[in-house]
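Read off the chains here:
Protein chains: 2
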Amino acid sequence: MVEYSDARLNDLFRALADPTRRAMLQDLAAGPRTVGELAAPHAISLAGASKHIQVLEQAGLLDRQVQGRVHTCRLEAAPLHEGVEWLRHYERFWTTRLDALDALLRAADAPAKPARARKRTPSAKTRTKR
Amino acid sequence: MVEYSDARLNDLFRALADPTRRAMLQDLAAGPRTVGELAAPHAISLAGASKHIQVLEQAGLLDRQVQGRVHTCRLEAAPLHEGVEWLRHYERFWTTRLDALDALLRAADAPAKPARARKRTPSAKTRTKR
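Protein sequence lines, in the order shown, are assigned to chains A and B.
Counted from 1, the first sequence has number 61 at position 61 by full-length UniProt numbering; the numbering is strictly sequential.
Counted from 1, the second sequence has number 109 at position 109 by full-length UniProt numbering; the numbering is strictly sequential.
Treat the hints with caution; some may be incorrect.
Copies of the same chain look alike in the list, so a pair counts if it fits in one copy or across any two.
As the list claims (entries may be wrong) - With a straight-line cut-off of 25 angstroms between C-alpha atoms, the simulated SDA-like cross-links for lysine to any residue are: (1) 51 - 109; (2) 51 - 23; (3) 51 - 95; (4) 51 - 5; (5) 51 - 104; (6) 51 - 102; (7) 51 - 8; (8) 51 - 74; (9) 51 - 27; (10) 51 - 37; (11) 51 - 11; (12) 51 - 103.
The set of hints was computed from the structure by calculation and includes no laboratory data.
Owing to the predicted nature of the structure, the values given are computational and were not obtained by experimental measurement.
Construct the entire structure; sequences and hints are all you get.
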């Protein structure tokens with residue numbers, strides 16, 4: 001298993017654990033936004049929005065450029081990639097669940113087709129493939 | 001974009017934002033564990049371990065079965081799948097970054113090999129593969 005820094009993953013998942021911050025990421029995915037634009041859809045003050053933005057910055061998810069009084073924020077997606085890579089190590093567990101469901105459905109189907117039900121190779125193949 | 005319940009994603013990412021809980025998930029990926037077994041690798045009390053386990057349960061990541069005084073915990077991976085699906089919507093941003101890097105490297109390489117630099121098909125192929 002690739003080892004990502006614990007601190008980076010802590011910051012990433014903490015940043016994603018809030019619906020306002022996830023909505024801000026979704027907005028940033030459409031293009032750069034000022035702090036005011038990021039705050040606008042939410043019932044929060046500019047100071048409240050700034051706190052969320054700082055959490056996103058801390059997680060490396062947001063790059064802020066300051067020109068005079070305008071702070072322009074851009075999405076930085078690399079930490080999200082690390083999150084996906086971490087989660088993917090558990091992929092076999094949900095695909096195993098799907099295999100089990102598949103096997104159940106085949107078994108339920110078996111009485112109608114006894115000849116095919118005896119032949120267990122296809123389900124074994126399915127299992128090793130995933 | 002598939003809409004997952006905000007509450008579920010909050011619970012999932014909150015559960016993943018702690019290194020002890022991520023380590024517990026990694027242990028559970030190897031097989032069922034008792035609460036004592038989950039606590040053992042960490043410098044925490046059983047009560048401390050129980051709190052982490054409750055957070056994992058709340059996120060739907062852990063199923064606990066009680067037989068007498070033994071609580072056996074099992075991994076439930078489905079919420080992790082939802083997390084991956086949510087994160088994948090941002091995949092185009094990190095692949096775009098890699099493509100840009102690829103283009104830069106090719107451009108830097110171009111003056112030395114003008115004949116190959118003109119042939120743009122390989123870079124287009126690379127882009128569609130990702």
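- So which of the earlier hints does this model not fit? 1, 3, 5, 6, 12
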